[in-house]
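Chains G, V, X and W are the protein sequences, given in the same order.
Read in numbering that gives the first Met the number 0, the first sequence has 119 at position 120, and its numbers run on one by one without any break.
Read in numbering that gives the first Met the number 0, the second sequence has 9 at position 10, and its numbers run on one by one without any break.
Read in numbering that gives the first Met the number 0, the third sequence has 229 at position 230, and its numbers run on one by one without any break.
Read in numbering that gives the first Met the number 0, the fourth sequence has 228 at position 229, and its numbers run on one by one without any break.
Treat the hints as calculated values from the structure; they're not laboratory data.
As the structure is a prediction and not an experimental result, all values here were calculated from the model.
Hints may contain errors.
The list treats identical chains as interchangeable, and a pair is accepted whether it falls inside one copy or across any two copies.
Taking lysine-lysine pairs in the BS3-like style, the calculated list, with each CA pair at most 25 Å apart, reads [to be verified]:
hint	residue 1	residue 2
1	K311	K141
2	K52	K141
3	K146	K344
4	K311	K344
5	K177	K120
6	K344	K369
7	K271	K2
8	K177	K344
9	K52	K311
10	K344	K52
11	K179	K271
There are 4 protein chains.
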Amino acid sequence: MKKVRVGLIGTGYIGRCHAIAYAQAPTVFPLEAELQLEYLAEITPELAAQKAKEFGFNRSTGNWQDVVNDPNVDVVDICTPNFLHKEIALAAIANGKHVYSEKPLALNANDAKIMYEAAEKAGVKTLVGFNYIKNPTTQLAKEIIEKGEIGEVVHFYGTHNEDYLANPNTPLDWHCVKEKAGLGTLGDLAAHIIQMSQYLVGQDIKSVIGDMETVIKQRPNPNDLSQMCDVENEDQATAMVRFANGCMGTIETSRIACGRKMGLSYVITGTKGTISYTQERMAELKLYIHSDDPARQGFKTILTGPLHPDYKHFCVSAGHGIGFNDQKTVEIRDLINGLANPTAKLYPDFEEGFKISRILDAIALSAEEKRWIDIC
Amino acid sequence: MKKVRVGLIGTGYIGRCHAIAYAQAPTVFPLEAELQLEYLAEITPELAAQKAKEFGFNRSTGNWQDVVNDPNVDVVDICTPNFLHKEIALAAIANGKHVYSEKPLALNANDAKIMYEAAEKAGVKTLVGFNYIKNPTTQLAKEIIEKGEIGEVVHFYGTHNEDYLANPNTPLDWHCVKEKAGLGTLGDLAAHIIQMSQYLVGQDIKSVIGDMETVIKQRPNPNDLSQMCDVENEDQATAMVRFANGCMGTIETSRIACGRKMGLSYVITGTKGTISYTQERMAELKLYIHSDDPARQGFKTILTGPLHPDYKHFCVSAGHGIGFNDQKTVEIRDLINGLANPTAKLYPDFEEGFKISRILDAIALSAEEKRWIDIC
Amino acid sequence: MKKVRVGLIGTGYIGRCHAIAYAQAPTVFPLEAELQLEYLAEITPELAAQKAKEFGFNRSTGNWQDVVNDPNVDVVDICTPNFLHKEIALAAIANGKHVYSEKPLALNANDAKIMYEAAEKAGVKTLVGFNYIKNPTTQLAKEIIEKGEIGEVVHFYGTHNEDYLANPNTPLDWHCVKEKAGLGTLGDLAAHIIQMSQYLVGQDIKSVIGDMETVIKQRPNPNDLSQMCDVENEDQATAMVRFANGCMGTIETSRIACGRKMGLSYVITGTKGTISYTQERMAELKLYIHSDDPARQGFKTILTGPLHPDYKHFCVSAGHGIGFNDQKTVEIRDLINGLANPTAKLYPDFEEGFKISRILDAIALSAEEKRWIDIC
Amino acid sequence: MKKVRVGLIGTGYIGRCHAIAYAQAPTVFPLEAELQLEYLAEITPELAAQKAKEFGFNRSTGNWQDVVNDPNVDVVDICTPNFLHKEIALAAIANGKHVYSEKPLALNANDAKIMYEAAEKAGVKTLVGFNYIKNPTTQLAKEIIEKGEIGEVVHFYGTHNEDYLANPNTPLDWHCVKEKAGLGTLGDLAAHIIQMSQYLVGQDIKSVIGDMETVIKQRPNPNDLSQMCDVENEDQATAMVRFANGCMGTIETSRIACGRKMGLSYVITGTKGTISYTQERMAELKLYIHSDDPARQGFKTILTGPLHPDYKHFCVSAGHGIGFNDQKTVEIRDLINGLANPTAKLYPDFEEGFKISRILDAIALSAEEKRWIDIC
C-alpha cells in the first residue's frame with residue numbers, strides 16, 4: 000500500500016484542526032494510502048517538538064524550509080498565517096511536493112495566480128481547505144441540486160458572518176492589517192461562501208458588484224491599548240453576483256455581525272424548490288418541494304444521516320451529529336485518496352483558489368469604483 | 000364625540016381585510032372618534048350592495064365617483080387594483096377628502112408625486128397601507144432600536160419573498176402586466192420591506208443599485224391557456240442600498256421564491272446587538288445583545304406580549320398570538336385617531352408612499368443601467 | 000333571517016376576547032343567523048354601561064339575573080370567574096336559554112354533571128369555550144389524523160404550561176383558592192389540553208394516574224403583603240392516561256413553568272407519522288411522514304393557509320397569520336350557526352365539559368391516592 | 000508517563016465509535032497517561048485482525064477470553080451485545096482489570112448488582128458508556144443548574160425517542176428478544192435519559208410508576224419473512240418519577256416514534272428559569288431566565304463554544320459544532336485520566352449503571368402491577 004507522508008507547517012487554530020482530522024481519518028475512512036505524519040514545523044524548534052508530540056508527528060523543526068526540502072515529505076500542509084502561503088507553496092512546488100493549503104490561497108489574485116500556475120507547470124496536486132463543502136449536509140444539498148429536485152437554480156443567497164471583531168474595544172489584530180491579511184472579512188470569511196456558491200450552483204461567478212464598509216475605523220493598538228490604530232480593511236461587505244448561466248446571487252459577509260458565531264448560511268431557490276441551511280446547525284438541511292400537495296407544503300428539516308454522502312463513516316444512525324473537525328476529516332480523506340490515485344484530481348484545488356481570490360479582488364474593486372466588474 | 004365616516008372603494012383581497020379591521024377596531028381600541036362605515040363602492044351596484052351588507056356599511060354604489068363626491072364621507076379608503084389609485088385619490092383630494100390608500104401608492108414615482116403634492120396642497124391627511132409596520136412585534140423592534148439597545152445600526156438585510164407565481168404554469172395575471180401593475184415584485188412586495196427598512200433604521204434610503212430578472216419569461220394566456228404571453232416585469236430583484244447616514248442595506252424580493260408564503264423578514268445588525276424577524280412567525284422577535292455574559296450569549300426569542308406596543312389591546316397575556324388582520328386593525332386605529340385629532344399626522348403618508356415609489360423606480364432603473372443611482 | 004340575541008355576563012380577560020370575536024365574526028364568516036349583542040351584565044350598573052358601549056351591546060345591567068331572565072336573550076354567554084358558572088348556567092337553563100360558558104365548566108365534576116344534566120333535560124344547547132381546538136392549525140391536525148395520514152395514533156403527549164405564577168413573590172390570587180378555583184393548574188390550564196387530546200385522538204380518556212405538587216406553598220396576602228397565605232391547590236401536575244382504544248397519553252401542566260407564555264403543545268405519534276405543535280407558533284404545524292424517501296425524511300413545517308379549515312375566511316394567502324382572537328371568532332361562528340340550525344349540535348358542549356371535569360377530578364384523586372383510576 | 004493499555008471486545012456500531020474516539024482523543028486532549036490500543040477481540044480471528052488493523056490495535060484474537068486474561072491489558076472495553084456484558088465484565092474483574100462497559104450495564108438489575116459488587120470488592124475502576132452526558136452542551140446545562148441560575152429544579156421532562164423500529168415490516172431483531180436485550184426501549188434508549196436526569200437534577204430517582212406498550216406485537220421472522228414472531232418487550236414507555244428531594248419528573252421513550260432519529264431531549268424547569276435541549280441539535284442549549292426585564296424575556300439559544308466545558312479542545316471558536324463521536328472522545332479522556340490518577344473516580348461507574356438498571360426494572364414492574372414503586 001502506498002504511503003502519503005505529510006509535512007505540516009503551522010499548528011495554530013486551523014493547524015490543530017488538521018491534526019485532529021489526521022488522527023481520526025484512518026479509523027473513520029478506508030483510506031487508499033497509508034497516512035504518515037512525518038514532519039512538523041513551527042516557529043521555534045521547541046514549540047515544533049512539543050506539537051509534534053501532541054499531534055503524533057515523527058519529526059519536527061523550527062524552520063519551515065526543512066519541511067519543503069525534505070525528501071520524505073510527499074505533501075506540504077500549509078496552516079500558517081495567510082501572508083506566508085505564497086512563499087511556502089512556491090518553495091514546496093519547486094521541490095515537486097503536492098501542496099495542501101488553507102484558505103484564502105493568497106493575499107490577492109495575482110499571488111494566487113502565480114501559485115496556481117506554478118503548480119500546473121510542476122504537475123503537482125493541490126488542495127485548498129474550503130472544508131465547509133465537505134460537510135455531509137452540504138454535500139447532500141449538492142446532490143439534491145444535481146438531481147434536479149429543486150429544478151433550475153434561480154437565486155443564491157449566501158452569508159458568512161461572524162462577530163469576532165464586533166466589540167470596538169477588541170484591539171487591532173493581523174486580520175485588520177492589509178500587509179498581513181489582504182482583504183478583511185471578504186478574504187477571511189467570504190472566501191468560504193463564495194467558493195461554496197460555485198460548488199452548489201455548479202457555475203462560476205462571472206460578474207460582481209460589491210459594497211463594503213470599515214465600520215469600526217480605529218481599534219486599540221494591541222501593544223499599547225491607550226493608542227488607536229487604523230483598521231485597514233473592510234468589516235462588512237455585500238456583493239450582487241451573476242453566475243455564468245445568468246443565475247442571480249447575493250453574498251454578504253461581516254466580522255462584526257453581533258450574534259453570529261458560525262454564520263455561514265445559504266438559501267438556494269430553484270424553479271421547483273428551495274434549500275436553506277446554516278452552518279450553526281450543521282447537521283440539518285431544510286428542503287421545500289413546490290410540487291408537494293398544496294395543503295401539505297412546507298420546509299422539511301432533514302437530519303443528516305447514513306443515507307447521505309460520507310455520514311455513515313462517522314455513525315450509522317441518522318441525526319447523531321457531525322462536528323466541525325469531521326468535515327475536515329472528509330477533506331483529509333479526499334487528500335489522501337486523491338494522492339493515492341495518480342489520475343485523481345483534488346478539489347477544490349489552486350485553480351479554484353485562484354478563481355475565488357479573483358472574485359474577492361473584483362468585489363473589492365467594484366465597491367471602490369462603484370461599478371459592475373466582469374470576471375475573466 | 001367626533002365621527003369619522005368611511006367610504007370604501009374595492010372589496011377584494013385587501014378590501015375585505017380592511018372590513019374585518021373596521022369591524023373589530025372599535026372593540027379592540029379606545030378610538031378617539033366614532034367610526035362610521037358609511038359608503039361602499041364596487042364595480043356593480045349588486046356586488047356593492049352585497050358587500051355593504053356583509054361588511055356593515057350603510058350605503059353602497061356601483062360607481063366609485065359617488066363615494067368621492069359624497070358629502071357624508073370624511074375619508075376615502077382605496078382598495079382597488081393599483082392602476083386606479085391615482086385617479087381615485089386625486090378625485091377624493093379635489094373634494095377635500097382625507098385619503099387612505101393601499102400600497103403601492105401608484106404605478107410609478109411620477110404619479111405618486113402628483114398624488115402627494117395634491118394632498119399637501121389641499122391640506123388633507125393621507126395614509127398608505129404599509130400595515131406590516133403596525134404589527135406590535137415590529138413596533139417592538141423599532142422601540143429596541145430607538146432605545147439604542149443594539150447600538151448604532153450598521154447593516155439592514157430585508158426580504159419580501161413569496162411564491163404565488165412560482166409555478167410556471169400559473170397563467171399570466173395583472174401583476175405581470177406593466178400597464179396594470181407597473182413594476183413586478185418590486186412594486187407588489189418590495190414596497191413593504193423598503194418602507195419598513197426606513198421605518199426601522201430611522202433613515203431614508205439615499206442611493207441604490209439593483210439587479211433583477213424575469214425568470215419565467217412567458218406564461219399561459221388566462222383566456223386561452225394554449226397561448227403564451229410575455230411576462231412584462233421582474234420576478235425577482237435584489238438591491239444594495241445606503242441610508243442617509245451611510246448605513247448599508249440589502250433588499251431582496253421575489254414572487255417565485257418557492258416555499259415563502261409570507262417571506263417578509265429582516266436582520267438588523269447594530270454595533271451592540273442584532274434583531275432578527277420573519278413575518279411567518281409574526282409574534283416573535285429574536286434579539287441578541289453582545290454585552291451579555293460571553294458564556295451566555297445567544298439570540299433570545301421574545302414572544303410579543305402586553306408589555307410591547309399595542310399588543311395588550313388584543314390580549315393581556317403574552318404569547319397568545321396576533322394575526323394578519325390585527326396589524327390592519329392597528330392601522331385603522333391610527334387612521335381614526337389621526338383624523339380625530341386635527342393636529343395629528345398620519346404615518347406612513349403619501350409623502351412616504353412617494354419616497355418608496357421613487358426608490359422602487361430607482362432600483363429598476365439602476366438594474367437596467369447597471370449603475371448606482373442617488374435618490375434625490 | 001333568524002336572529003341570535005346574546006346576553007354576556009362578565010367582561011374581564013376572556014369576556015373582552017368574546018367581545019372582539021363578536022365584533023369581527025359577522026364580517027369574517029357568512030353567519031346563518033344575525034348576531035345581536037343584546038344585553039351585558041357586570042358587577043355594577045356603571046361598569047356594565049361602560050362595557051356595553053365599548054363592546055357594542057344594546058343594553059346593560061349590574062345584575063346578572065336580569066340577563067338570564069330577559070325574554071330578548073337567546074343565549075347566555077358566561078365569562079365570569081369559574082365559581083359562578085354553575086349558578087348562572089342553571090338559572091339560564093331554567094329559563095330555557097342556550098348557554099355558552101367559559102371553561103372549566105365548573106369547580107368539580109359533580110357540579111359539571113348537574114349542569115350537563117340540566118341542559119339535557121331542558122333541551123337547550125350548550126357550548127364550552129375550549130377555543131384552542133377552533134384554531135385552523137389544530138383543525139388541520141385533526142384532519143390529518145382523521146384521514147389516516149399518520150396511521151393509527153399510538154401516543155399523545157400534551158402540555159399546557161404557563162408561567163403566570165412562576166414568581167414566588169406574586170401575591171395569592173383567586174386561582175390559588177379552592178373555593179374560587181377548585182383545582183389549580185389542572186382546572187385552569189390542563190382542561191384545554193385534555194379536551195384537545197380527546198378531540199385529536201378521537202377517543203375519550205378511560206383511565207388516569209396523576210402526580211402533582213404545590214411547589215410554592217405560600218404566597219403574600221394580596222391585602223397585606225407582609226403576611227403569607229397558603230396556596231390551596233397544585234402548581235404543576237402530570238398524568239399518564241389511556242384512551243378508550245388503549246392509546247397511551249401523557250399530560251403535563253404547570254402555572255410556574257418559567258418561560259412558557261402560551262405553552263399549550265402536543266406531539267402525536269402514529270404508526271405512519273408524527274404531528275408536532277405549539278400554540279406559541281399557532282400558525283404552523285410540523286408533520287413527519289415515515290413513508291417518505293428515507294433520504295428525504297424530516298419534519299415539514301406547514302404554514303396554515305386557505306387550503307386548511309376556516310383559514311380562508313381570515314385571509315386568502317397562506318402564512319399571513321391568525322391570532323388568539325381569531326380562534327375565538329371561529330368559536331362564535333360555531334355558536335351562531337349551531338343555534339341558527341335547529342338540528343345542529345354544538346361542540347364541545349356541556350357533556351364534553353363534564354367529561355373533562357371528571358378527568359381532572361380523577362387525576363387529582365389518583366395523585367392523592369397514588370393509584371390508577373378508571374373514568375366511568 | 001503512565002500507560003493505559005486497552006483491550007477492546009466488540010467492533011460493531013458502538014465499538015467503531017470507541018475506535019474513532021480512541022484515535023482522536025490524544026490529539027484533542029492533553030491525556031495524563033499514554034493511550035495504548037493493545038488488544039482487540041471479535042467473533043473470528045479474521046474479523047478481529049481486520050478490525051485491529053482498521054482501528055490501530057497492536058494485537059487481535061477471535062476469543063474474548065484472551066483479552067480479559069492478557070497481562071498487558073489494563074482496561075477491558077466491552078462493546079458486545081448487551082447479554083454478554085455480565086460474563087465478560089466479571090471475568091475481567093476477576094483478573095483485576097478495570098472495566099469500561101457500554102450501557103445498559105446488564106439485562107436486569109440483579110445482574111448489574113452482581114457486576115457492581117464484584118468491581119467494588121476487587122477494587123477495580125469502572126465506567127459505563129452513558130456518553131451523552133459528556134457532550135459539552137449538556138455539561139453546560141449541568142453547570143447552569145449547579146450555579147443556581149435556574150433556581151431550584153422543580154420539574155424534569157426527558158425523552159429518548161427514536162424510530163428505528165417504526166416500520167411494522169422491519170423484521171424482528173435482537174432488541175425485541177428478552178433473552179438478548181432484556182427490556183425493550185427502556186433498556187436500549189431510556190437508560191440514557193434516566194441516567195442524564197440524575198446527573199442534571201443532581202439527585203437519585205426514588206420512586207417511579209410506569210406505563211408501557213408493545214405496539215407492534217409481531218414482526219416478520221428475519222430468517223423467514225413469511226413467518227411472524229412475537230415481539231417480547233415494550234416499544235414505548237412513560238414513567239412519572241420523583242427524585243430524592245421530591246422533584247417531579249417525567250420520562251418518555253419509544254423506538255417507534257416516527258421522525259425521531261436522535262430524540263434524546265430534556266426540559267428542566269427551575270424556580271428561576273428553564274433549560275431546553277434536544278440531542279438532534281447537540282450544539283445548542285435554550286435558556287430562559289425569569290428575572291430578565293419582563294419586556295425582554297425569552298428563551299436564549301446558546302451555541303456551545305470555548306467558554307463551555309471541554310469544547311475548546313475541539314475548536315476555539317463558538318458555534319463551529321461538535322459531533323456524536325466528540326462526546327465519546329470526552330468519555331475516553333475521562334477514562335484515561337481517571338485511570339492515570341490512582342485516587343480519581345470514574346463517572347458514571349458500575350454503581351450508577353446498577354442504579355439505572357434498578358430504576359428500569361422498577362418502571363417495568365410498576366407498569367405491570369399498575370402501582371408506584373420505591374427504589375431502595
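Status of the hints after comparison with the structure:
no.: 1; hint: K311 - K141; in the structure: within (17 Å within a copy, 31 Å between copies)
no.: 2; hint: K52 - K141; in the structure: neither (38 Å within a copy, 33 Å between copies)
no.: 3; hint: K146 - K344; in the structure: within (23 Å within a copy, 52 Å between copies)
no.: 4; hint: K311 - K344; in the structure: within (24 Å within a copy, 34 Å between copies)
no.: 5; hint: K177 - K120; in the structure: neither (29 Å within a copy, 55 Å between copies)
no.: 6; hint: K344 - K369; in the structure: neither (38 Å within a copy, 38 Å between copies)
no.: 7; hint: K271 - K2; in the structure: neither (46 Å within a copy, 50 Å between copies)
no.: 8; hint: K177 - K344; in the structure: neither (33 Å within a copy, 51 Å between copies)
no.: 9; hint: K52 - K311; in the structure: between (31 Å within a copy, 19 Å between copies)
no.: 10; hint: K344 - K52; in the structure: neither (32 Å within a copy, 28 Å between copies)
no.: 11; hint: K179 - K271; in the structure: neither (45 Å within a copy, 28 Å between copies)
Hint violations for this structure: numbers 2, 5, 6, 7, 8, 10, 11, all remaining hints satisfied.
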